[in-house]
Every structure is written in structure tokens, then in C-alpha cells.
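Trainee: If you want the building blocks of each chain, they are given just below.
Protein chains: 2
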Amino acid sequence: MLSEVLLVSAPGKVILHGEHAVVHGKVALAVALNLRTFLRLQPHSNGKVDLSLPNIGIKRAWDVARLQSLDTSFLGEGKEEKPEQGDVTTPTPEQVEKLKEVAGLPDDCAVTKRLAVLAFLYLYLSICRKQRALPSLDIVVWSELPPGAGLGSSAAYSVSLAAALLTVCEEIPNPLKDGDCVNRWTKEDLELINKWAFQGERMIHGNPSGVDNAVSTWGGALRYHQGKISSLKRPPALQILLTNTKVPRNTRALVAGVRNRLLKFPEIVAPLLTSIDAISLECERVLGEMGEAPAPEQYLVLEELIDMNQHHLNALGVGHASLDQLCQVTRAHGLHSKLTGAGGGGCGITLLKPGLEQPEVEATKQALTSCGFDCLETSIGAPGVSIHSATSLDSRVQQALGGL
Amino acid sequence: MLSEVLLVSAPGKVILHGEHAVVHGKVALAVALNLRTFLRLQPHSNGKVDLSLPNIGIKRAWDVARLQSLDTSFLGEGKEEKPEQGDVTTPTPEQVEKLKEVAGLPDDCAVTKRLAVLAFLYLYLSICRKQRALPSLDIVVWSELPPGAGLGSSAAYSVSLAAALLTVCEEIPNPLKDGDCVNRWTKEDLELINKWAFQGERMIHGNPSGVDNAVSTWGGALRYHQGKISSLKRPPALQILLTNTKVPRNTRALVAGVRNRLLKFPEIVAPLLTSIDAISLECERVLGEMGEAPAPEQYLVLEELIDMNQHHLNALGVGHASLDQLCQVTRAHGLHSKLTGAGGGGCGITLLKPGLEQPEVEATKQALTSCGFDCLETSIGAPGVSIHSATSLDSRVQQALGGL
Numbered sequence: 006m007l008s009e010v011l012l013v014s015a016p017g018k019v020i021l022h023g024e025h026a027v028v029h030g031k032v033a034l035a036v037a038l039n040l041r042t043f044l045r046l047q048p049h050s051n052g053k054v055d056l057s058l059p060n061i062g063i064k065r066a067w068d069v070a071r072l073q074s075l076d077t078s079f080l081g082e083g084k085e086e087k088p089e090q091g092d093v094t095t096p097t098p099e100q101v102e103k104l105k106e107v108a109g110l111p112d113d114c115a116v117t118k119r120l121a122v123l124a125f126l127y128l129y130l131s132i133c134r135k136q137r138a139l140p141s142l143d144i145v146v147w148s149e150l151p152p153g154a155g156l157g158s159s160a161a162y163s164v165s166l167a168a169a170l171l172t173v174c175e176e177i178p179n180p181l182k183d184g185d186c187v188n189r190w191t192k193e194d195l196e197l198i199n200k201w202a203f204q205g206e207r208m209i210h211g212n213p214s215g216v217d218n219a220v221s222t223w224g225g226a227l228r229y230h231q232g233k234i235s236s237l238k239r240p241p242a243l244q245i246l247l248t249n250t251k252v253p254r255n256t257r258a259l260v261a262g263v264r265n266r267l268l269k270f271p272e273i274v275a276p277l278l279t280s281i282d283a284i285s286l287e288c289e290r291v292l293g294e295m296g297e298a299p300a301p302e303q304y305l306v307l308e309e310l311i312d313m314n315q316h317h318l319n320a321l322g323v324g325h326a327s328l329d330q331l332c333q334v335t336r337a338h339g340l341h342s343k344l345t346g347a348g349g350g351g352c353g354i355t356l357l358k359p360g361l362e363q364p365e366v367e368a369t370k371q372a373l374t375s376c377g378f379d380c381l382e383t384s385i386g387a388p389g390v391s392i393h394s395a396t397s398l399d400s401r402v403q404q405a406l407g408g409l
Numbered sequence: 006m007l008s009e010v011l012l013v014s015a016p017g018k019v020i021l022h023g024e025h026a027v028v029h030g031k032v033a034l035a036v037a038l039n040l041r042t043f044l045r046l047q048p049h050s051n052g053k054v055d056l057s058l059p060n061i062g063i064k065r066a067w068d069v070a071r072l073q074s075l076d077t078s079f080l081g082e083g084k085e086e087k088p089e090q091g092d093v094t095t096p097t098p099e100q101v102e103k104l105k106e107v108a109g110l111p112d113d114c115a116v117t118k119r120l121a122v123l124a125f126l127y128l129y130l131s132i133c134r135k136q137r138a139l140p141s142l143d144i145v146v147w148s149e150l151p152p153g154a155g156l157g158s159s160a161a162y163s164v165s166l167a168a169a170l171l172t173v174c175e176e177i178p179n180p181l182k183d184g185d186c187v188n189r190w191t192k193e194d195l196e197l198i199n200k201w202a203f204q205g206e207r208m209i210h211g212n213p214s215g216v217d218n219a220v221s222t223w224g225g226a227l228r229y230h231q232g233k234i235s236s237l238k239r240p241p242a243l244q245i246l247l248t249n250t251k252v253p254r255n256t257r258a259l260v261a262g263v264r265n266r267l268l269k270f271p272e273i274v275a276p277l278l279t280s281i282d283a284i285s286l287e288c289e290r291v292l293g294e295m296g297e298a299p300a301p302e303q304y305l306v307l308e309e310l311i312d313m314n315q316h317h318l319n320a321l322g323v324g325h326a327s328l329d330q331l332c333q334v335t336r337a338h339g340l341h342s343k344l345t346g347a348g349g350g351g352c353g354i355t356l357l358k359p360g361l362e363q364p365e366v367e368a369t370k371q372a373l374t375s376c377g378f379d380c381l382e383t384s385i386g387a388p389g390v391s392i393h394s395a396t397s398l399d400s401r402v403q404q405a406l407g408g409l
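Chains as they are written, first to last, in this note's numbering: chain E, 6 to 409; chain L, 6 to 409.
By construction, these hints were calculated from the structure, which means they are not laboratory data. Just so you know, not all the hints are guaranteed correct.
Said to hold, decoys possible - Calculated lysine-lysine pairs in the BS3-like style (CA-CA distance at most 27 Å, straight line):
#1 L/200 to L/182
#2 L/53 to E/269
#3 L/200 to L/118
#4 L/135 to L/105
#5 E/269 to L/358
#6 E/238 to L/200
#7 L/118 to L/53
#8 L/238 to L/358
#9 E/251 to E/118
#10 L/269 to E/358
#11 L/103 to L/53
#12 E/64 to E/103
Let the hints inform the model, and build the full structure from the sequences given.
Mentor: The following block contains the structure:
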């Protein structure tokens, strides 16, 4: 058991290309979004486990002694009696029910809150039960990511929790050395973090694809194709505007709508999905080139791909007037945008080419804000889960985590 | 030689689906637009041939004797000495040069005017030279079609001229019987009209596809695929709004832009063209069904096809902000629109479902007019070239033709 404070961050994600098409066996490109979830883990000796999630108004404490006395053997069910270090267990529906009792949340508690607490308890009990005694910890998790906007906020939460708990339990070594501002874990350790984070995601989402936690763990850009996830080599970091139209959307209905359109017009929609697939592959190729030798023409190609895919997503029926407005407003400033994720509202991304004048960017942000949208300037292709020194975090983050 | 006044009309055309894709070997559906070109032909005995085209400010007269004395044998070059009835000759560049001399237009005359006069002289001299003497005629042609808007105004001009000249020369019989308001020619006679109209189109356009004159001749809906033109059986007449954004466009540059995009991103654009092809085929299928047994669901499918193709045309890069605005405005009234023809501005069509309340249609027209667009309520799938009784034409047309 480590005794020092750990400060961990993990990025969100956006789908650059391939949303919806991915459901029909095509390639999707997911990229790490440099809006991050920050976690402060402080071992203490008051016999409590404190969890504070200021974004969603959660502040819970459990007695370690009470948690210790619980029959948590269920977390090892189906495994050898003494699980090996690094064993990742998959919760069954029955285990989830038992965890809900442990969580002791009121019946009227919002689903988001309930699932966040459940995922925490699952990861805490599963990862820490190999310790002689469950540790007393104070954990605060705060995120720059808006929840429920398709930006992978739950994955960033699970990844940062898994990384911090595995590190404090010394299942994986702390990569932060004296004098480091920030560091990352080895490939093998990241694989273990990712496995546990995926279990956390399953607590929250039931049957996630694993893309969100993979992007948040590895950072950069990932290609997802028929269940297989692979990292792009040396993806460039790209500046973007991330705009939340704040129009609520029903992902399930949007996915069903595309399926229905494919069934109704197979000869029309199947080649459209093929065209989207080719956009993802072309984008992957260009990002690879940019990593090797960046050139201004590559940005022009990225813009053309963004435009074409936005039209394709509209043709699939997952556009929305708010997204049309977003594209129009940015187009008036010479910038190119597409929806990201499920569509039907939600978020859009706008590529910011190098060499743009900051007043022009500010004017675009202003114009988008005037539409009633939230707009943030950030980047994609960001580093995955990282561990930070206290002094390297900016004061806004320090304050959000309750002071360091 | 007939001696009665002939009143002929021929429709314009719009491309319903397949513009641009047709250049790359895909199917296009062209439909007759019920904005018509009207022609009044009055045989007289003053020894003059008078041509009046009030839309473009042309009023020309030639002495029949002078035209008769011209060596017009060139019009039969390459044919037997005594051409068979119905022989259609193709003008060579040299013949065109000779015709220009005959036309005697000033050097600074606008290209549109010059070509209209040239096409007239070509058709008049070619069709009438089989008469013992060239006839003295007074011809007025007036059109509801805006010129140069991609609506087939030149084809409607050539078709109505060919039909009237062939009829007055008794190359084909006048199908209008006593008591008829309107009538049409037989299939064989229409084929001859179409052949001559195509030659007129060649005078104007150089190398036309033949679609425009075929639609204007046959009416209804035509399928064009790799040079082959076929009529759809029993196409329904559909009410539409035809909106002219009045944004000038460069067809040649737009066609080149699509070709360049196909060369740059073959894997993306080729399936997109395949998808457009499937939209045309599906539309053809639905129009066939509607002819057999109309049902409200068919209109919903037509609307979906319109939406998808509009997005596809945008993805090909031939959209325009004015067309986006057109689609947005009509969408706000629950109506679906797409560009028609080359794009990049120009015209759009909006489907009007049966059962729409007229105030809603008026509100949409008003909204489009407020954008600075010209908007007309009309229909597609209209009858082809027709011959009318004087009393059946409405007073606006009668007045435009200089009184009947």
C-alpha cells in the first residue's frame, strides 16, 4: 500500500469518423479528447472510504470495517479461490444486486449517481480485496467532461479509478518519479488498467464496446473494427472546437432509425456505409502521414472528409437542425464541422487548422455561443491516462479536487 | 401547306434524380415540367418570315424570296439528292457558318439571341425546303420557363418549333380535331418531332444529351442511362414548388469538381454515386407503383429519396448556401427539397404532397420569396408537346403571343 496522494487524469473521447457505420461492421476512428477527468486519491487512517464526485453532487462515506465484514467473496466467483494478481472479474447480475445493497443509496437516487457509486464500489472491492485489509481512502473525482454527452465521461471515470486503485494497491508501480510533472504507465500496466476500466464501464453501461475505456487508457487515436481495437501509430494532436448543442438525443432511437433505413433502402444505404468506411480509412491514412510529415494540404483533406461524412450522416437521418446551424456558423468562418457520436443533437467538432488567427477562433466561439451552444477550444489525440505531480495541475483543477 | 393558325406548347424539364451521377454512367430521371413554351404559327401571304421571341427581345423578319434564293442545298449535304420525307440532317460546322450569314445578326448580339435565331433558321429551312416554295409565316414563341436555369427552355423551344413547322408543312398531320381543346401527335410523329428538335438543340448546345428534347416531346418521366432514353409507363403528375435561387452557377466547373473529387477519393465517391443510382432506381420503381395504385406512403418514400439525394449532392460538393437555405425554409414547413440540375445555386424542387392546405403552401412560397428566390407552384410529369385550340389557352398566354 502506498501512502502518498495520487493525482490521476484520463481523457474523454470523440468519434472522428464512423459513428453509426460501426454498428454495421464498418471502421470507426475514436480519438482522445483533451477534456479530462481528474482524480485525487489520498490514503488516510480514519477507517473510512470517502467518495466525492462534485460534478454530480455525490459525497458518500463507508466504514472500511463494515465493507471488510461484507461477504465480498462473490467478486471472485467463478475464479480460483485465491485469484492471481491482475485477475479481472466480470460481475454477474446477481453480484450487481449485492453491490447495490452495499452502496445503500436511496431509492429515488438518479441513475447516473447510482451507477457511478456502483462502479466505484465494484472497482474498490475487486482491486483492493487482495490487500491484507481494505484501505482507508479519500477519493475525489472531478471532470471537465459534460456527462451524458457521448464524450466518454464514464470511461474516463472508470479508467482514472482503475489506474489510481491499482497504483495505490501496488498492483502496478507508480510511474511518477521525483521531479516529474506527469508520467504514464508501461504498456502492460495500461493493459491491466484498461481491463479493469472495462469492467467499470460494464457496471455503468451493461454492454459497452470497450472503445471509450481503450481511448481513455491509451490516448491518441484508435481504430475500431468489428470488435477489434488497435492504436494508430503517432497520431497528431489536432486543435478543435467541441460544441455541445445541448439538444438531448436518444441514441437507441437514432441507431434503430439507421437500421430501419438500411432495411428499407438496402441498395441506397449499404453503399453509403461503404463510403463512410472509406472516409474513416482515408482519415486514418492521412493521420498516419501527418504523424510522419505534417503538411498544410493534409488539413484540407481532413476538412473535406469532415464535410462529406457530415452529409453522409445527414443522409442516414441522424442530423438535426441544431447541427446544421453549427455547421453553417462555422462554415461562415471558413471552418468545417461534423456531428460526433449519435447525432440528432448532441456534440459537434470543428477542425482548427494551424495558423488560424485567435480573434477568428474567438469570433467563431462567440457565434456558436450566441446560438445557445456550449463551445470549448480543446484538442484531440490527447495523451491517455496519466499521473501528475500536485504542482503541475492548474489551480482550477486543484480547487475542483478540494485543494491539494 | 396548312393555312390555319397553329398553337403549340412544349414543357420544360427538371432532373428528379441522378444529376452529376449521370455523367459517370448512372441512371438519371428527367421529368417534364409544366412550365411551358407556347408557340403561335400563323401562315400569311406578305412574303415575309417573322420571328418574335418576346422573352429575349427578338423580333426579326426575313424576305421569303431572299431565303428562297439562298443556296440552301447545303442542308441536304451528305444525303440523297431528293431527301425522303422525314429525313433529318445534321448540320456541319460549315453549314452553321452559312446560317450565321443568313441570320444577319449584329456582331454584338447576345449569344442566347444568336443561337435562338440560328436554331429557328435551321429548322425552318430544313423542314420547309421540301415545300414547292418556302412558306410565309408569322411565328411568336413565348415561354413560362426562365432561360439558362437548367430547365430545358431551349429544348422546349426547339420541340415546339419542330412540331409546328412539321405540321404546317404537312410532314405530320395536325392531330387537333374540331371541338378538341388540346391534342397530341402519334408516337411516330412524335419521334420525328424529337429528331428535328434534337437537331435544333445541337445548333444551340453543340453536343446535347438528347434528354431535354425527349422529355419535352414525350412528357411524363424519362430514364436516361448511358445514352439510352426510355419513357416511364404511366408516371404520376406530382405537384411541386420550383424555386430559382437566382444564384448563377458554372455547370462546367461543377461537373469538373465532381470528377476531381472522384479522382481524389475514388473509394469514397464511387459508392456515393452507386447510392445515387439506387435512389434513381427506387424513385423509378415508386413512380411506377404510383401510376398503378397511388397511396400516401409513396409520397413519404419520395420525400426520403429527395432528402437523401440532396445530402449526396452536397457530399459531391455541388451544394450551395442558397440551396441549404431553400431546404431549411421548406423543411420548416414540413416539406422536402433538393437541388435540380447542376447545383451550386440554380433551381430546387419541393414536393407538395396531396392534401396540403393551400395557406401552408402559400406561406412556404412567401418564405422562399422573402429569401430573394423566385418560386412557382407547378407540376412535373406533365404532357409533352401538344397542340391547342385558341380558346383553350388562358388569357395570359394569349396576350403573351400577341393576341389570338
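Trainee: Which earlier hints can't be squared with this structure?
Mentor: As far as the earlier hints go, 2, 6 are violated by this structure, in ascending order.
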